[in-house]
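Protein sequence lines, in the order shown, are assigned to chains A and B. Its first residue numbered 1, the first sequence is counted upward by one per residue in our numbering. Its first residue numbered 1, the second sequence is counted upward by one per residue in our numbering.
Worth flagging that the hints you see were computed from the coordinates, not collected in a lab. Glycine is no exception: its CB is placed at the ideal position from the N, C-alpha and C atoms. A hint or two may mislead.
[Said to hold, decoys possible] Here are the simulated distance ranges between beta carbons:
1) A:Glu-17 / B:Asn-73: 17 to 25 Å
2) A:Glu-15 / B:Ser-67: 46 to 54 Å
3) A:Gln-83 / B:Gln-3: 38 to 46 Å
4) A:Arg-43 / B:Glu-70: 39 to 47 Å
5) A:Ser-30 / B:Pro-8: 23 to 31 Å
6) A:Ser-30 / B:Leu-88: 27 to 35 Å
7) B:Leu-41 / A:Gln-69: 20 to 28 Å
8) B:Thr-15 / A:Pro-40: 16 to 24 Å
9) A:Ala-16 / B:Ser-67: 45 to 53 Å
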Amino acid sequence: AQTVTQSQPEMSVQEAETVTLSCTYDTSESDYYLFWYKQPPSRQMILVIRQEAYKQQNATENRFSVNFQKAAKSFSLKISDSQLGDAAMYFCAYNTGTASKLTFGTGTRLQVTL
Amino acid sequence: EAQVTQNPRYLITVTGKKLTVTCSQNMNHEYMSWYRQDPGLGLRQIYYSMNVEVTDKGDVPEGYKVSRKEKRNFPLILESPSPNQTSLYFCASSLVGTWAGGRETQYFGPGTRLLVL
């Protein structure tokens, strides 16, 4: 069974600084997709960024980027120039190419301080 | 506006009283799914549907039922709710759910917070 591990239950970052959230996954599949979702206090699940396993280039979306290490099965999220609005729970998720079930990690709560 | 809607957003009920949480999407998505979120466990899939009249169990289906009679709607039914079903529930949808479905981004509804006394 596929598993997703987020080893940091909580992280803190100062405004304007950079923070990296860790995620590792376990799979025997060769075709899969990785996602980071943000859950602010409103509880809405918001897609932050996605990465296709067959792409070597790391995905980037404005201040958000990933460090995808396929051999190590690692998928970390880097947030640059952190803003107060980045404070949220962040979930790493995995999906195989042929299935439609997202497997989630347990989440990392990010606090942004002044 | 493209969206997934859920109703109700908040619900307090008592053990054994049947309830339905509705989910609707206006994006003509084939795939729909229900997840529950519990502290320390992340989100876990309850049921999913690849298309109309096609549903299957996820990881935690016990105590739940679903139906998919129309493409846009995917209600979650708790026939006899119990306190261990107190949770935050999310409905999600994506464009396709077939062999290439994994590549599709899933869009989530706003969540339904359920308390079973």
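Tested hints:
1. A:Glu-17 / B:Asn-73: 17 to 25 Å: 45 Å, violated
2. A:Glu-15 / B:Ser-67: 46 to 54 Å: 47 Å, holds
3. A:Gln-83 / B:Gln-3: 38 to 46 Å: 25 Å, violated
4. A:Arg-43 / B:Glu-70: 39 to 47 Å: 26 Å, violated
5. A:Ser-30 / B:Pro-8: 23 to 31 Å: 42 Å, violated
6. A:Ser-30 / B:Leu-88: 27 to 35 Å: Given range 27 to 35 Å: holds, Cβ gap about 34 Å.
7. B:Leu-41 / A:Gln-69: 20 to 28 Å: 26 Å, holds
8. B:Thr-15 / A:Pro-40: 16 to 24 Å: Distance hint for Thr-15 (chain B), Pro-40 (chain A) is violated at roughly 32 Å.
9. A:Ala-16 / B:Ser-67: 45 to 53 Å: Between Ala-16 (chain A) and Ser-67 (chain B), where Cβ atoms are some 50 Å apart, the hint holds.
Violated hints, in rising order: 1, 3, 4, 5, 8; the structure is consistent with all others.
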